[in-house]
Amino acid sequence: MIDFIQMVVSGVAVGSSYALMGLAMVIIYKTSEVPNFAQGEMALISSFFAMMLLTSFNLSIYLAFFITFVFAVLLGCFLEFAILRRAKEPNVLGMIVITIGIEMVLLGFVSWKFGAEQKTMPFPIGPYEGIIFGDIFISKLDLLTLVTALVLMSVLYLFFRYSKLGLAMKATQQNSVAAQIVGVRTNRILMLTWGISSLVGAVAGLLISPTIMHPYMMWDPLLKGFAAAVMGGMTSLPGAVIAAYMLGIIENLFGGYISIEFKTVVAFVIIVAVLCIKPSGLFARHYVKKV
Amino acid sequence: MKKGLMLALFVSLAFLLSVVPTVCAEEGVTDTEIHIGQWGPQTGPAAAWGSVARGTGAYFQWINDNGGIHGRKIVYHMFDDGYNPAKTKAGVKELQEGTGIFAWASGVGTTPGLAVRDYLAKKNVPWIGPSAGSLHWVNPPQKNLFAVYPLYAGEAKALVKYAIEKMGKKRVAIAYLNDEYGKNGLRGAQAELKAHGLKPAVEVSFEAKDSDLQPHVMKIRKSNADMVLLWTTVPQAAKVVGMCKAMKFDTQFMSTSTCSDFPLMTYITKGAWEGVICATFGESPDSGHPGIEKYKTEVFDKYAPKEERWGLFYYAGILFVEPMIEGLKMTGRDLTRENFISAMEQIKGFKGIGPEVNFKPYNKNDMYSRQGTNQTFLVKCLAGGKAEKLTEWMDME
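Protein chains in written order, with my numbering: chain A, 1 to 291; chain B, 1001 to 1397.
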């Protein structure tokens, strides 16, 4: 029983980083219907930027993180403004290919600028500091990630549901022409969406960096975050978060009781199953465009 | 008629002159140059081991600036394969058939190396010092391939033997990467345990891209092992040790030479690597070994860019090709592949900054005709990434 509880707790812990990446993907998808495959590398470059501020400029962690958040927002806005907006007659497939291109450029840049050797980021909470309840262990960093994911999900949920800007973002996704007619500056909305998404991704990156940093550190969280977003329905923020936790728990239970060798594949089996059985995802209510 | 004969003679002479040098000269060798190639992951998941190829590059520059070898300078062709066997194969073929490489030096990784092993063997292109301790290089031995890296299976045996005989450990857990590198270590550990009448407490396999290691750690912890042998990637080994220590799972960790860069491991585990015992193939940076000191000041300080770190894998790039340079010197001015291979076979008791290297004339039934060393030694990580030598160089079984 202890083992089962520990696996569930560990699943929730690892699900938190998937949840943050899933949230970041959903934010962009909600407004542009584009799965952003550069999300991981946008988080990566923000994390290395923070590391540079901390180690080369010796800034305090709070100042460095604040500057990093500003940098992340500007990076997201810049990529949308300078690259995606320039696409001629864009369709979804074209946009996906562009995001893959951006991903490769950012990855190459980080490898070139910061090197490939493993690093860890100085952080007030050590990656291996933990709390033990009886025989159940959870690391403090995982606990912080869990709280951060839940807080961010709630804030974003309220933002999209009740704020003017959030509603404008929703309107842009549902019918950009109608949104323009009622005065929504859809270009600006899209740019802001990329900024917010980049910020959420940067938070995920910064919470992974105290454990290990290298140019490929965001691949796994991105893939699992994407799987969670698909499971959750791509447009539902709570859906992506709940699916991320489900994914983390299922992976851990599968690894613990069935096969550790095939643990990683579980996420992708789930994606295929969800797409076959309920293509709109487990938690999304899709808006149907009327002709 | 006379004019026609003269023309025919002239054309024949011109043809012979154009053909003779290529018939006589060896591919990749000119009067003033020797072309040597190497692949190394400068990008991708194994890029941290890319320093091996850069270390070799700096060493060759140093050799060139000190007069070269018998009047020839080394022209070094290094390419980034990203630890992707398809890229390794494409890059090697392109350089071999386009530029013409005399011999290949080192090259990181078992899987990338396996992708080109048969190609190089078929063309009989010498390949010296693959940067991986795989049994695949020498079992069966290949005429063109000379291995310098101690075998992973031997390292695993040496570690398990030390744990059982010197430390009294009885329950050994094996955490291994599910590829040829990990399985070489697994097989060595299993064999040594069997020789002592023991079985692994648990065998836990890792995939290279696994980053959530909680289930793996739980399996290891549940086994209640008193020694955990780690044959995984560097980040995974670091995470397992850190997580086990955080869970108050007090056990002895041991690991392979690929995780024996103690300053790096101490840094990325925030000190949790202290106490881990590793097998290794080279003296530690703080050992005061005269060869290490010489290369630090004459090669690294002079040729490495300022962001490069003087660590085990940087000078491993020198260590793995020292016997190659010895072989080139022994070959003399008449540099052909056959002469070079014969010279390599004459290397006996060569001692650079790594283990003692000995080769023999090719014998398809004797892997030690091409496996240059069976030596390793064990080191323990101390606070601050310093190393304590637990054994002297010892022969592995």
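Hints listed in this document are in silico derivations from the structure and should not be mistaken for laboratory results. In this text the structure is predicted, and so the values were computed from the model without any measurement. Where hints are given, some of them may not hold.
To be verified - Straight-line distance between alpha carbons at most 30 Å, and here's what the computed DSS-like set of lysine-lysine pairs gives: (1) Lys1209(B) x Lys140(A); (2) Lys278(A) x Lys1245(B); (3) Lys1306(B) x Lys113(A); (4) Lys1248(B) x Lys140(A); (5) Lys119(A) x Lys1170(B); (6) Lys1270(B) x Lys119(A); (7) Lys1245(B) x Lys1351(B); (8) Lys1351(B) x Lys1380(B); (9) Lys1170(B) x Lys1248(B); (10) Lys140(A) x Lys1306(B); (11) Lys1386(B) x Lys140(A); (12) Lys119(A) x Lys1093(B).
Unchecked claim - Cβ-to-Cβ under 7 Å is the rule here; a few derived chain A residues that face chain B: (13) Ser111; (14) Ile125; (15) Gly126; (16) Tyr128; (17) Phe137; (18) Ile212; (19) Ile249; (20) Asn252; (21) Ser259.
What the hints assert, rightly or not - Just a sample of chain A residues kept apart from chain B, beta carbon distances all over 10 Å, derived: (22) Gly166; (23) Trp219; (24) Leu275.
Glycine included, C-beta positions come from ideal geometry on N, C-alpha and C.
Query raised in the report: Is the interface hint for glycine 126(A) satisfied, with its Cβ closer than 7 Å to some Cβ of chain B?
Result: Cβ of glycine 126(A) sits 6 Å from chain B, so the hint holds.
Requested in this report: Sort out whether lysine 1245(B) lies within 30 Å of lysine 278(A), counting only the CA atoms.
Outcome: 43 Å, violated
Query raised in the report: Under the criterion of a CB-CB separation shorter than 7 Å, is isoleucine 125(A) in contact with chain B as hinted?
Result: 11 Å, violated
Report task. Could you grab the alpha-carbon distance between lysine 1386(B) and lysine 140(A) and see if it respects the 30 Å cut-off? Result -> Answer holds: lysine 1386(B) to lysine 140(A) is near 29 Å, not above 30 Å.
Query raised in the report: Has the given pair, lysine 119(A) with lysine 1170(B), been kept, meaning a C-alpha gap of at most 30 Å?
Result: 35 Å, violated
Query raised in the report: Is it the case that glycine 166(A) keeps its Cβ farther than 10 Å from each residue Cβ in chain B?
Result: 32 Å, holds
**Report entry** Restraint check for lysine 1270(B) with lysine 119(A), where alpha carbons must lie at most 30 Å apart
**Finding:** 10 Å, holds
Query - Given hint asparagine 252(A) near chain B, where the shortest CB pair must fall under 7 Å - result: 5 Å, holds
Query - phenylalanine 137(A) as an interface hint toward chain B, with CB separation required under 7 Å - result: Interface hint status for phenylalanine 137(A): holds (5 Å vs cutoff 7 Å).
Query - Hinted pair lysine 1209(B) and lysine 140(A), Cα distance within 30 Å - result: 24 Å, holds
Requested in this report: Quickly compare the C-alpha distance for lysine 140(A) and lysine 1306(B) to 30 Å and report which way the hint goes.
Outcome: With a Cα-Cα distance of about 36 Å, the restraint between lysine 140(A) and lysine 1306(B) is violated, given a limit of 30 Å.
**Report entry** Minimum beta-carbon distance criterion (7 Å), serine 259(A) to chain B
**Finding:** Because about 10 Å separates serine 259(A) from the closest Cβ in chain B, which is outside the 7 Å limit, the hint is violated.
Going through the hint list in order, the structure does not satisfy hints 2, 5, 7, 10, 12, 14, 19, 21 and 23.
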